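Colleague: Based on these hints, arrange chain Z on the given structure of chain W.
Chains as they are written, first to last, in the numbering used here: chain W, 769 to 1080; chain Z, 769 to 1080.
Please keep in mind that the hints were generated in silico from the structure rather than gathered at the bench. Bear in mind that the values here come from a model prediction, so they are computed numbers and not experimental data. There may be inaccurate statements among the hints.
It does not matter which identical chain is meant; a pair holds if it fits inside one copy or across any two.
Below, simulated DMTMM-like cross-link-like pairs (lysine to aspartate or glutamate); rule was C-alpha separation at most 25 Å, straight line [claimed, not checked]:
1. K1069 to D959
2. K890 to E900
3. K1069 to D771
4. K934 to D959
Here's the letter readout for the chains.
Number of protein chains: 2
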Amino acid sequence: MRDVTIREVGPRDGLQMVKSFCPSAAKQAWIAAEAAAGVTEIQVCSFVPVKVIPQFADCGEVVAHALLRPGLIVSALAPNLKGAQRGFEAGVHKLGYVLSASESHNLSNVRRSTDESLLDFKRIVELRNSNEEWRNVRLAGGISTAFGCTIEGEVSADVVMRLAEKYVEYGADELNVADTVGYANPGQVRDLFTRLRSVVGDVPVSAHFHDTRGLGLANSYAALEAGITTFDACLGGMGGCPFAPGASGNVVTEDLVFMFEAMGLRTGIDLDRLIAVREIIQEALPGEPLYGAIARAKPPKGFRAASSDSAR
Amino acid sequence: MRDVTIREVGPRDGLQMVKSFCPSAAKQAWIAAEAAAGVTEIQVCSFVPVKVIPQFADCGEVVAHALLRPGLIVSALAPNLKGAQRGFEAGVHKLGYVLSASESHNLSNVRRSTDESLLDFKRIVELRNSNEEWRNVRLAGGISTAFGCTIEGEVSADVVMRLAEKYVEYGADELNVADTVGYANPGQVRDLFTRLRSVVGDVPVSAHFHDTRGLGLANSYAALEAGITTFDACLGGMGGCPFAPGASGNVVTEDLVFMFEAMGLRTGIDLDRLIAVREIIQEALPGEPLYGAIARAKPPKGFRAASSDSAR
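Only chain W is shown next, with the shape it has when bound in the complex (with noise of 0.2 Å):
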């Protein structure tokens, strides 16, 4: 009964951005919080090497504990085959694979070429496919820096086509093409969907988007217009932008869920209910600022969520 899905990745690209260390009971609490919210996919967590990101360490036991969740579907990144063998093993039901659009960016994020990632993604699907306890984890390539990136400038919308094509050659079960620098515009964020769809078909392709420069709302909204039906988005868009001190990071989940229900789109959340989460991560992590407008300007007058009348 959804029109919309809106994924949260806040505890991992929430979590990778911010300083403060955050203790599993808070990200298990965070994660129960908003299952019961009523988000369907959470990603949990990131299989980077604990020495890179000591936040992960706990992967393990997240992913346990977020497994228990009914319903939920519990997915997690992967930056390289190791690091997806280590989430096959914990039990994730999808592991997001991530490269970038952009050769400069790929180079200096995981040092080698996108041709090189690719293949690896390669090497990852048949891992997952010589093994029959983990055949139905889904595979989402991620494409980031597909609007432009902070090292090469803009960024050709041919080069995310390829990669997407590549992808799908590859056994990529979806797609999540990410504007990982805030750099996108709504006007290529339709023209590059919608060629996008007509490049690959019936296979999933979700949005990815931070609000660095304030678009990120009216860039999902385009998106949509696109086709586009799923999301990333990050609870007070915590983590903001290393490279724009003040802005927020990841679109902020509550006011992307209040944007789409009073459209008259379900999401399948409870927005009263996702915006109490907010307290979990205040008390978890007192020293990082949440971001978002609807949490502190509250719903309008008369406000009737799309879900609540599908409630009814």
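Modeller: This is chain Z only, laid out in the frame that chain W set:
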């Protein structure tokens, strides 16, 4: 050479909301600097009784100074016939009149029914037409709370259509439709403006959004998609919202300019020079917070403004 027109309303709508008193010299410097940055229309004050809003005691002086800016359309707000007469006498190029689509809001705001407000507008048109010197003053019919109201909640689109038709019948040269309290969502914006344009034909319609719930830019994009090309905005989103502490006021001028220029639409406004105008306001009103993303995050690497392309 403009694809969209962004009108600065900060000296009126922004200053109307702030507690600090803005000296005339600062208003003049602000207006002059925005005109120099390429802003072609500025709402410079409101002809309300001085005892109601002392901030606007210097309307005559501010208008006289603004009229010296070459090519600038000098507009002002007039809430009633008496204010309009003062505006005509001051020599403005355009007067914005305002009534609320919500009866309760109109009663609370100007202590009369919307029908009485419309008749007052009719008298303003007659007053203008009665004087040879005033005949060229454009009269804009404003419809406040067109997307919802803090008193009534939902506002019917039928009411907005009726008011728009009456405005046109009584001689409005253009219409300005406002989401006064930040209730609008992009779907509603698209639908209302699409319908309104079919109702009022060739009469120009502009949009006025507040960013109370974070949807100001998404709503602007939705209005653009519905054919609207003229938008009100306020530098730094100054003024905030009395109903939502910490929320910005009008949609932020520089963010709106950035969005359109990034989309390849020429605003004719130099973004860097526009952002620099914030310093004038910060110096004059040090206690007032300024909002906005692009001033903080800076444009993307390799960003080419559409307006700068056309100037080559």
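Colleague: Next, verify each hint and record whether it holds.
Modeller: Hints versus structure:
no., hint, verdict
1, K1069 to D959, "between (35 Å within a copy, 20 Å between copies)"
2, K890 to E900, "within (17 Å within a copy, 78 Å between copies)"
3, K1069 to D771, "within (24 Å within a copy, 36 Å between copies)"
4, K934 to D959, "within (20 Å within a copy, 39 Å between copies)"
The structure meets every hint from the earlier list without exception.
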